[in-house]
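*Asks:* So in the UniProt record's numbering, spot 138 of the sequence shown is number 138, and the numbers just go up one at a time.
These are computed hints drawn from the structure, not numbers from a lab. Quick caveat, the model's predicted, so the values are computed rather than measured. Careful, some of the hints might be misleading.
[Said to hold, decoys possible] The following label-pair restraints were derived from C-beta to C-beta distances:
#1 Pro53 to Ala3: 38 to 48 Å
#2 Arg187 to Leu164: 21 to 31 Å
#3 Asp15 to Gly116: 28 to 38 Å
Even for Gly, the Cβ is constructed at its ideal location relative to N, Cα and C.
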Amino acid sequence: MSAFPTPTPADNNDDLRDFFDALAADPSDRHGRADVLLRHRLRILDRHAQLAPSDTVLDIGCGDGTHLRALADRIENGIGVDLSQEMIATAQRRASHPDLCFRVDNAETLSTVPAGSVDKVICVGVLEHVLRPRRVLEQAARVLKPSGQFLALTLNGTYWWYRLADRLGLPTRHLSTDRRLRPAEGRRLLEKSGLAPEVGFWDFVPSGDLPSPLPLLCRFFDRIGRPASNASFRGGLRLHGRPA
1 MSAFPTPTPA
11 DNNDDLRDFF
21 DALAADPSDR
31 HGRADVLLRH
41 RLRILDRHAQ
51 LAPSDTVLDI
61 GCGDGTHLRA
71 LADRIENGIG
81 VDLSQEMIAT
91 AQRRASHPDL
101 CFRVDNAETL
111 STVPAGSVDK
121 VICVGVLEHV
131 LRPRRVLEQA
141 ARVLKPSGQF
151 LALTLNGTYW
161 WYRLADRLGL
171 PTRHLSTDRR
181 LRPAEGRRLL
191 EKSGLAPEVG
201 FWDFVPSGDL
211 PSPLPLLCRF
221 FDRIGRPASN
231 ASFRGGLRLH
241 GRPA
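Model the full assembly from the supplied sequences, consistent with the hints where possible.
*Replies:* Rendered as C-alpha cells:
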C-alpha cells in the first residue's frame, strides 16, 4: 500500500537543491510504470509544443535528463538545466547523444542561457516545486525566440483530491513549499510573464502518494472529466505560452 508523502521542510533554494540531490540516487517515477508515463508525457509534448527537427529545446528542471534523451533524435539540440548538481551529474553520465548539454542553473535566473536563443522551452513537473514560478516563466519568455513556445506540465490546484486532502489535513506535498496552481492563476502568470496564454489539463494521477484504492477512483474521475475539461477531476494542469 502506498503511503501519503512526508513533507520535507524547505525555506530556500538551498533546501530545494538538497532535496533533489538526495533524489538523484533513485530518480525513478513513483506514480506508475516509468516507460508508460514517459510515453504519455512525450505525446503531450508532441501535440502541444509541436517539436521540429530544427529545434533547440531547453528543459527547465531537467532532472536526470529523461525527457531530452527521449527527444534527442528528433530535435537539433537539447539543453537541460537543473538546480541540483547531483541530478545534472546523473544526466551527464547517462547522456549518449552529442547534441545534448546538461548544466547546473537556477530556473529563476537561467544565467547560462542567452536571450532569444531557444525554440522551445519545456518544464515538466517543476513549477510545483520552485519558490517563484513567475520568475521561471519570465526567464522562459526571455530565452525564447519570437516564434518559440513554452510548455509546462504541473499540478492542478483545483483537483478534487488535493482540495479534499487539505480539508482532512492529509499530506500531499513532498516539500513544505510545494504549490499547486489553479487554472486562472496559471493564466495570469503566463500573461504577466509576457507569454500569450493557453491553459488546459493533462492526465495525471498521483498514484505514488495515495493508498489503494484511491488511484483507481482518481482515474475514474479523470475519465469522466476529460470530455468537458472539468477542472475538478483533472490532476494535471498544462500551461502553454508564446511570446506576446
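*Asks:* Enumerate the violated hints, using their earlier numbering and listing them in ascending order.
*Replies:* Violated hints: none; all satisfied.
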